[in-house]
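Per the working numbering, the sequence shown starts with residue 1, numbered consecutively.
Be a bit skeptical, because a hint or two may be false.
Simulated pairs of lysine-lysine, DSS-like, Cα-Cα distance not exceeding 27 Å [said to hold, decoys possible]: (1) Lys26 / Lys248; (2) Lys301 / Lys231; (3) Lys242 / Lys301; (4) Lys404 / Lys357; (5) Lys231 / Lys242; (6) Lys200 / Lys231; (7) Lys248 / Lys200; (8) Lys301 / Lys248; (9) Lys246 / Lys301.
Honestly, the hints are just simulated from the structure, not real lab data.
Every value quoted in this text rests on a predicted model; they were computed, and no experiment measured them.
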Amino acid sequence: MSCDLRVFGIRHHGPGSARSLLQALKSFEADTVLVEGPPDANDLIPLAASNDMHPPVALMIYAPDEPQRAVFYPFAVFSPEWIAIRHALARGVRVEFMDLPQTYRLGRDDDRQDESPDADESPTGDENAESLRSDPLGQLAAVAGFSDSERWWDYLVESRSGAHVTVFDAIADAMTALREQEGPADSKRLEAQREAFMRKTIRDAVRRGSERLAVICGAWHAPALRNPHGKGCAGEDSATLKGLPKSKTAAAWVPWSYDRLSFRSGYGAGVNSPAYYDLLWTHDRSPTIHWMTRVARLMRKQDMDASSAHVIEAVRLADTLAALRERPLPGLEELDEAAQAVMCLGGDAPMRLIRRKLVIGDRLGRVPDDVPLAPLQQDLQQLQRRLRLPVNADEKDYDLDLRKPLDLERSQLLHRLNLLNVPWGERQEQYGKKGTFHEFWRVQWRPEFVVALVDASRWGNTIQDAATNFTIDRVSQADSLPELSAIVDDALLADLPQAVTALMVELRNRAAQGGDVLQLMEALPALARVTRYGNVRQTDVSMVAEVCDGLVARICVGVIPACSSLDDDAARSMFGHVVAVNDAIALLQRDEHRASWRNSLVQLADYSGLHGIVAGRAVRILYDTGHWSPEEVADRLSVALSAANEPAHAAAWIEGFLSGSGFLVVHDEVMWNLMDQWLRGLTADHFMMILPPIRRVFATFAAPERRLMAERAARSTHTAPCADTAEFDHERAALVLPVLRRIFGVEVDHDVG
Numbered sequence: 001m002s003c004d005l006r007v008f009g010i011r012h013h014g015p016g017s018a019r020s021l022l023q024a025l026k027s028f029e030a031d032t033v034l035v036e037g038p039p040d041a042n043d044l045i046p047l048a049a050s051n052d053m054h055p056p057v058a059l060m061i062y063a064p065d066e067p068q069r070a071v072f073y074p075f076a077v078f079s080p081e082w083i084a085i086r087h088a089l090a091r092g093v094r095v096e097f098m099d100l101p102q103t104y105r106l107g108r109d110d111d112r113q114d115e116s117p118d119a120d121e122s123p124t125g126d127e128n129a130e131s132l133r134s135d136p137l138g139q140l141a142a143v144a145g146f147s148d149s150e151r152w153w154d155y156l157v158e159s160r161s162g163a164h165v166t167v168f169d170a171i172a173d174a175m176t177a178l179r180e181q182e183g184p185a186d187s188k189r190l191e192a193q194r195e196a197f198m199r200k201t202i203r204d205a206v207r208r209g210s211e212r213l214a215v216i217c218g219a220w221h222a223p224a225l226r227n228p229h230g231k232g233c234a235g236e237d238s239a240t241l242k243g244l245p246k247s248k249t250a251a252a253w254v255p256w257s258y259d260r261l262s263f264r265s266g267y268g269a270g271v272n273s274p275a276y277y278d279l280l281w282t283h284d285r286s287p288t289i290h291w292m293t294r295v296a297r298l299m300r301k302q303d304m305d306a307s308s309a310h311v312i313e314a315v316r317l318a319d320t321l322a323a324l325r326e327r328p329l330p331g332l333e334e335l336d337e338a339a340q341a342v343m344c345l346g347g348d349a350p351m352r353l354i355r356r357k358l359v360i361g362d363r364l365g366r367v368p369d370d371v372p373l374a375p376l377q378q379d380l381q382q383l384q385r386r387l388r389l390p391v392n393a394d395e396k397d398y399d400l401d402l403r404k405p406l407d408l409e410r411s412q413l414l415h416r417l418n419l420l421n422v423p424w425g426e427r428q429e430q431y432g433k434k435g436t437f438h439e440f441w442r443v444q445w446r447p448e449f450v451v452a453l454v455d456a457s458r459w460g461n462t463i464q465d466a467a468t469n470f471t472i473d474r475v476s477q478a479d480s481l482p483e484l485s486a487i488v489d490d491a492l493l494a495d496l497p498q499a500v501t502a503l504m505v506e507l508r509n510r511a512a513q514g515g516d517v518l519q520l521m522e523a524l525p526a527l528a529r530v531t532r533y534g535n536v537r538q539t540d541v542s543m544v545a546e547v548c549d550g551l552v553a554r555i556c557v558g559v560i561p562a563c564s565s566l567d568d569d570a571a572r573s574m575f576g577h578v579v580a581v582n583d584a585i586a587l588l589q590r591d592e593h594r595a596s597w598r599n600s601l602v603q604l605a606d607y608s609g610l611h612g613i614v615a616g617r618a619v620r621i622l623y624d625t626g627h628w629s630p631e632e633v634a635d636r637l638s639v640a641l642s643a644a645n646e647p648a649h650a651a652a653w654i655e656g657f658l659s660g661s662g663f664l665v666v667h668d669e670v671m672w673n674l675m676d677q678w679l680r681g682l683t684a685d686h687f688m689m690i691l692p693p694i695r696r697v698f699a700t701f702a703a704p705e706r707r708l709m710a711e712r713a714a715r716s717t718h719t720a721p722c723a724d725t726a727e728f729d730h731e732r733a734a735l736v737l738p739v740l741r742r743i744f745g746v747e748v749d750h751d752v753g
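Build out the structure end to end from the sequences listed, making use of the hints.
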């Protein structure tokens, strides 16, 4: 059976290549079109004809039982494969994918998530051969004197607006020459399997009666597919494909983004400039004018000067640069240089914005609502529409007022998605702004979230059910009280009452059985925050409060034995726990808790052999709460820092007492006088002994705090008594003052007597 076979070797995501391909397909009028892509998704091809399908989009092929094993085949509006599919569907022509199905490939450890024929795997073999297959156009670009394949291709194809059918014959001849330089056969096992399956698909199409067959593949494969009926070819291909392991796969259309289409995302067949290529596809007749107009519009949005005169001069400069470099039209390099020189006045900062917005772009594709999706994805889409949270590839900030029902539901959705490992929103800390009724979020959708959603579908068909079941499973897997207390916070923020009930039962049981005081102390702060701020979110925190009551009681009883015989590392850890528990009890605002904790601190402060850093913090807390007077604190300060104690103990005690209190020491008159009187009462020998640890403690304060202390000390009206004032010779002392002034750079207009 005779068949007119045309093989079109294309460059992935190239608008010039796409335009040439479209012209060739219109001239050829094929009755069957085979496109390099996953046959696992053949049933989804007709959906590409929908007017509601807006690229960039991608075909996701995944293992239903293990959705993390997934690969993506992205398409942009200017991708030649997409153009071929849409052209065939519009004319009612049979169109299929012909690459090696992922059912044979998902079990391989060396497969990549973003598939393309230009990113072939090569597990073993010669590096030069691998380089040829991974970037064959790069080899031609290097010979032509270009730094990379994209610049070379822009010069030969994109800048000429494509539509040259003969380019495919030239590409095939070039690839044939390059393939002759390949390394050993065992270095291209997967590639051989792929090309064998492509040839098999071509033969099957011919057997079905195809008379005019168009094959669209990556340029590298074009020579291998030109003669699929050669002598012995069918037998060799069958032997190559024999025994391949199979696994179950599923497929879906998913939105994609230009950022994920770019090289910087790690996509092997990506391009440097997706947004720019989009402009070349949509405005092929006057791309320079449209480009500079977009630059001016972007700069105006950022309140930067960009007039019509700037646009005109930038276009003229770009055209001039192209003429000097003997190029038919300005490429991206000329546009960049012209925009930077004229629009940005040579500055690089605006160019970073231009490259991000107009070279790479932030466009996010969209798939039709009737595209088959997992129930969890459908529920999320409904929630996004109802809560007016649009999916966007660019960052957007939200200030959510939790007193408003809409904002509260938005917050709950974002927290639930974070629980399901779909971090669409990232919580932003805004200290001192608008109180506890507000949450600040930064949301940005990334295409890979689809994989996480498919994976989370095993926990439920709605976001709430999936988050609840996932949290309950986390509870059963948790090993410690602190881990459980952190889950409580997450569950309450996400408003998952069923999970909270199960969590409270487990938390009470663990708290009753647990004997590790450190774990109890570590678990309390998170629960205290929940009880303090839970009502802001209109959640019932009574069960959490009951657990906190039990934890506080057990901590107050067990903290003293837990503080005995601590080394330096353990003491610093205990110091942090004591501070955290003290803050948590302050949040709980219960008088009985404060009284129990205060009694425990009194015993700690007087506990013999207690590490200095813990003892100093206990005294400090008792002073801050008003339980001990300045006189009582002064007595303990003198005892702890007396000459009878080791310098290391004294240093640890003063560190525990003063840590984190630089500004308080300056502005608290009682605290300042307390430290001042203690220092002034030291003998010279004791002062020299205590000076090194004191300096280490004060070195922990921030520079502004130390500066304020020095300024206040300089303003002090106290003068230290001179030991031998009667023997002091003022006249001799006056003789050295001029020298000292020169040393310190102090100039005065009068003599000092």
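Hints, verified against the model:
The straight-line distance between the Cα atoms of lysine 26 and lysine 248 is roughly 37 Å, outside the 27 Å bound, and the hint therefore fails. Between lysine 301 and lysine 231, the direct Cα distance comes to roughly 64 Å. Violation of the 27 Å bound is thereby established for this hinted pair. For a cut-off of 27 Å, the pair hint linking lysine 242 to lysine 301 is broken: about 59 Å separates their Cα positions. At roughly 34 Å between alpha-carbon atoms, lysine 404 and lysine 357 are farther apart than 27 Å, so this suggested pair is violated.
With a C-alpha separation of about 19 Å, the suggested pair lysine 231 and lysine 242 falls inside the 27 Å cut-off, and the hint holds. Under the criterion of a C-alpha separation no larger than 27 Å, the hint pairing lysine 200 with lysine 231 is consistent with the structure, at around 14 Å. Taking the CA atoms of lysine 248 and lysine 200, the gap is near 21 Å; set against the 27 Å cutoff, the hint holds. Pair hint lysine 301 plus lysine 248 does not hold up; C-alpha atoms about 50 Å apart against a cutoff of 27 Å.
A distance of roughly 53 Å separates the Cα atoms of lysine 246 and lysine 301; the hinted pair therefore is violated under the 27 Å criterion.
The earlier numbered hints that this structure contradicts are 1, 2, 3, 4, 8, 9.
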